[in-house]
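Could you build all of it, start to finish, from the sequences and the hints given here?
The listed protein sequences derive, respectively, from chains A and B.
First residue of the first sequence: 214, per my numbering; consecutive thereafter.
First residue of the second sequence: 439, per my numbering; consecutive thereafter.
Don't take every hint at face value.
[As the list claims (entries may be wrong)] Residues on chain B that point at chain A, a partial pick, calculated with CB under 8 Å:
no., residue
1, Tyr463
2, Tyr471
3, Leu483
4, Phe485
5, Leu542
6, Phe544
7, Gly547
[Unchecked claim] List of simulated lysine-lysine pairs, PhoX-like, C-alpha gap at most 25 Å:
no., chain 1, residue 1, chain 2, residue 2
8, B, Lys541, B, Lys508
9, A, Lys279, A, Lys268
10, B, Lys541, A, Lys277
11, B, Lys541, B, Lys454
12, B, Lys541, B, Lys441
13, A, Lys268, B, Lys541
14, A, Lys227, A, Lys277
15, A, Lys279, B, Lys541
16, B, Lys441, A, Lys254
17, B, Lys541, A, Lys233
18, A, Lys254, B, Lys476
19, B, Lys541, B, Lys476
20, A, Lys233, A, Lys279
21, B, Lys454, B, Lys476
22, B, Lys508, B, Lys476
23, B, Lys541, A, Lys254
24, A, Lys233, A, Lys268
Derived from the structure by calculation, the hints contain no laboratory data.
Glycine is no exception: its CB is placed at the ideal position from the N, C-alpha and C atoms.
For reference, the chains in residue letters:
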Amino acid sequence: GAVVSQHPSRVICKSGTSVKIECRSLDFQATTMFWYRQFPKQSLMLMATSNEGSKATYEQGVEKDKFLINHASLTLSTLTVTSAHPEDSSFYICSARDAGRLDTQYFGPGTRLTVL
Amino acid sequence: AQKVTQAQTEISVVEKEDVTLDCVYETRDTTYYLFWYKQPPSGELVFLIRRNSFDEQNEISGRYSWNFQKSTSSFNFTITASQVVDSAVYFCALSNYGGATNKLIFGTGTLLAVQP
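Dropping the structure here:
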């Protein structure tokens, strides 16, 4: 149980293009999902909290117009990196919190984004 | 303010050795959760344990054990008879209890290398 998937696992794109990353909870409903960014050999940095049916809550310093988050259903949240630039290259990880078990986040396998 | 400190950035042991990963936390909350996650080279974070602040009993799961000491604000993790497959980055994390978003505050991680 508590499986979270992410797609794609790796993406390489040209500067200026937009990239969409999907996060799905496969065997539970997630009213809340979280998006993190991780630079090499560093810890996870929370970017935003995604709530089903409402606007995402962004952490200080994260541009909401740059990183668009949509949580359209209880099993799917998407992160779109708009007009990507090389500095957006990173490892993006989502997590989902089981609606029936609010105390634990389960993580997806991550998406490696490389912007050329 | 909430903070998690993992003072050990890297640890290297030889297979079959025991190893303890330290975690010290700071919080003003009287109720909270503590977590350990494992991040192998593949990148996916694997949930290992959740402990709430009410329960100071130590826990053992196979070769893994955890020592929660509220008096010293520590939640240390011991791997007994380490194996090469234990090589990974291990993160300690803290979240509030029943809060609106239950954000996870991560430590900086400890890279464990188990040599054959």
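Taking the hints in turn, this is what the structure says about them:
{"no.": "1", "hint": "Tyr463", "in the structure": "violated, 14 Å"}
{"no.": "2", "hint": "Tyr471", "in the structure": "holds, 6 Å"}
{"no.": "3", "hint": "Leu483", "in the structure": "holds, 4 Å"}
{"no.": "4", "hint": "Phe485", "in the structure": "holds, 6 Å"}
{"no.": "5", "hint": "Leu542", "in the structure": "holds, 6 Å"}
{"no.": "6", "hint": "Phe544", "in the structure": "holds, 5 Å"}
{"no.": "7", "hint": "Gly547", "in the structure": "holds, 5 Å"}
{"no.": "8", "hint": "B/Lys541 x B/Lys508", "in the structure": "holds, 21 Å"}
{"no.": "9", "hint": "A/Lys279 x A/Lys268", "in the structure": "holds, 15 Å"}
{"no.": "10", "hint": "B/Lys541 x A/Lys277", "in the structure": "holds, 18 Å"}
{"no.": "11", "hint": "B/Lys541 x B/Lys454", "in the structure": "violated, 36 Å"}
{"no.": "12", "hint": "B/Lys541 x B/Lys441", "in the structure": "holds, 12 Å"}
{"no.": "13", "hint": "A/Lys268 x B/Lys541", "in the structure": "holds, 17 Å"}
{"no.": "14", "hint": "A/Lys227 x A/Lys277", "in the structure": "holds, 21 Å"}
{"no.": "15", "hint": "A/Lys279 x B/Lys541", "in the structure": "holds, 22 Å"}
{"no.": "16", "hint": "B/Lys441 x A/Lys254", "in the structure": "holds, 19 Å"}
{"no.": "17", "hint": "B/Lys541 x A/Lys233", "in the structure": "holds, 24 Å"}
{"no.": "18", "hint": "A/Lys254 x B/Lys476", "in the structure": "holds, 14 Å"}
{"no.": "19", "hint": "B/Lys541 x B/Lys476", "in the structure": "holds, 18 Å"}
{"no.": "20", "hint": "A/Lys233 x A/Lys279", "in the structure": "holds, 12 Å"}
{"no.": "21", "hint": "B/Lys454 x B/Lys476", "in the structure": "holds, 19 Å"}
{"no.": "22", "hint": "B/Lys508 x B/Lys476", "in the structure": "holds, 23 Å"}
{"no.": "23", "hint": "B/Lys541 x A/Lys254", "in the structure": "holds, 21 Å"}
{"no.": "24", "hint": "A/Lys233 x A/Lys268", "in the structure": "holds, 17 Å"}
The structure does not agree with the numbered hints 1 and 11 stated previously, though it agrees with the rest.
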